Structure formats: C-alpha cells, structure tokens
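Visitor: Each chain is listed here by its residues.
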Amino acid sequence: GAGVSQSPRYKVAKRGQDVALRCDPISGHVSLFWYQQALGQGPEFLTYFQNEAQLDKSGLPSDRFFAERPEGSVSTLKIQRTQQEDSAVYLCASSLLGGMNTEAFFGQGTRLTVV
Amino acid sequence: AQSVTQLDSQVPVFEEAPVELRCNYSSSVSVYLFWYVQYPNQGLQLLLKYLSGSTLVKGINGFEAEFNKSQTSFHLRKPSVHISDTAEYFCAVILSGSARQLTFGSGTQLTVLP
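Just so you know, the sequences run in chain order V and Y.
First residue of the first sequence: 253, per the working numbering; consecutive thereafter.
First residue of the second sequence: 14, per the working numbering; consecutive thereafter.
These are computed hints drawn from the structure, not numbers from a lab.
Predicted, not measured: the structure shown is a model, and the values here were computed from it.
Just so it is clear, CB atoms sit at the ideal spot from N, CA and C, and this is done for glycine as well.
Be aware that one or more of the hints could be misleading.
[Said to hold, decoys possible] Pulled a few chain V residues facing chain Y out of the computed Cβ check, cut under 10 Å:
1) Arg-261
2) Gln-289
3) Gly-294
4) Glu-304
5) Asp-308
6) Phe-318
7) Leu-343
8) Gln-360
9) Gly-361
When you get a sec, could you build the whole thing from the sequences and use the hints?
Guide: And the structure:
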C-alpha cells in the first residue's frame, strides 16, 4: 500500500483478554516503531525494530506487552491479560532508514478499549 | 531526563489571524526537533523538522518554526490560519545518540474559528 496500515482500527477487549495489533509498514522501510497514545496525551515510545531485530524495548510498560517483526516487514504488538489502563491508541510508524534525516510515517492507529 | 513541554493545551484563533504554538524542551545535549499535526481519525503527519543549520525552518502548509537554543524553545508559527488548520499539533524531540525514538509533548489543539 501507499502508507502504513494498521489493523484493526478499533478493538474492544474484555479485561483479561489477549489482543494482537498488526502493523504493515511501507514496503522497504527498515525502521519500525510502536507508540502508545493515551487520551489527551502525546504518543509515548514503546519499542523499535531495525529489520527483524528489536533494538529497543525500553518503553514497553510491562511484561504483558510483547512485539515482534519476524521477517522484517509486518509487525505485531501483543498485549496479554489486558487491563483497563491499556486502553489507548496504539500507533505504528516506519521509516526508510534509521537516520534522523529520514521521515517517520505514521499509521492511523488502533484504538484499544478494555472494558 | 529529557522532556517536551507544550505550554498551551488549547488555542482558539480566528481565521486569517496569526498563531504561535509554543514548545520548550529540557535537555543538556543536542536534540533534533519536530512538529507533527494530527487531524481527526488520521495518523501523525510531519510538518517540519530541525536537524542543524539555519534556525528558521519552513514546513508544509505555510508553517514555520524557529529553534532557539538559549531559550530551549521551538515555537511553531503561521502568519494567517485557515479553517482547515484545525487539528492537534505535537512538538517532539529525538536525542542525539538515542535509538531515534520520538519524545512527544502533550499536544496543542488548534481550533480556527470562522
């Protein structure tokens, strides 16, 4: 596709349920980022991939959060045993290279609501 | 620790008036600075960025920003706004030498009134 695609756009999960959020980056983009955006806040960094390697996962809030990018393209963010505080918009971004000069393109996000 | 402060959470302004959205950052090392815009139900879009060189940066849609190192500020300006500029605006930084993730401010909702 022409841009970063995320699915589903909306997800309602019961507390305790596991969820999987998908990100399809722009084809050929090496770098991929996940961010969490709580209501009324700016996005907060979760994790960073360069190709299939997860180089930074310092932003993941707990061990219930797990991300993977096994073939260096599509990425999945998994949240186990969801809690109400996990309710947020999850944004994915990709960039061609890892340098500062390369623009990061964002997807529309997945809005997760935990009830 | 680095942080980004956007001093105004909401800025209402009339159409064709000038606007300034304020952003300050706290860091003792070099930073790269960005402004992003988020329209309703859309992803973040890059407006402009400062990496080095001229401190006055021009972006898309007529926006510009000025990097002021002594005041650690990167305020966004537009001389004449349109209704279509109504959106959420985020200031962000990347620390030199970091893993290149963006650290965002809490955002400023710009509402342009007719």
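Visitor: Does each hint fit the structure? Answer for all of them.
Guide: Right, here's what the structure says about each hint:
Because the beta carbon of Arg-261 (chain V) sits about 9 Å from the nearest beta carbon in chain Y, less than 10 Å, this interface hint is met. Annotation: Gln-289 (chain V) was flagged as interfacial toward chain Y, and the flag holds, the nearest CB pair being 8 Å apart, inside 10 Å. With a least beta-carbon distance of about 3 Å to chain Y, the hint placing Gly-294 (chain V) at the interface is held under the 10 Å criterion. The interface hint given for Glu-304 (chain V) is broken, as the beta carbon of that residue sits about 16 Å from the closest beta carbon of chain Y, more than 10 Å.
Annotation: interface hint on Asp-308 (chain V) holds; nearest CB of chain Y at approximately 4 Å, less than 10 Å. Given the 10 Å rule on beta carbons, the hint for Phe-318 (chain V) is violated: about 18 Å separates it from the nearest Cβ of chain Y. The restraint placing Leu-343 (chain V) at the interface with chain Y holds, with a minimum CB-CB distance near 7 Å, inside the 10 Å limit. Interface hint status for Gln-360 (chain V): upheld, as the beta-carbon distance to the closest one in chain Y is roughly 5 Å, under 10 Å.
Evaluation of the Gly-361 (chain V) hint against chain Y yields a held restraint, the C-beta minimum of about 7 Å falling below 10 Å.
Of the hints listed earlier, those the structure fails to meet are numbers 4, 6, in rising order.
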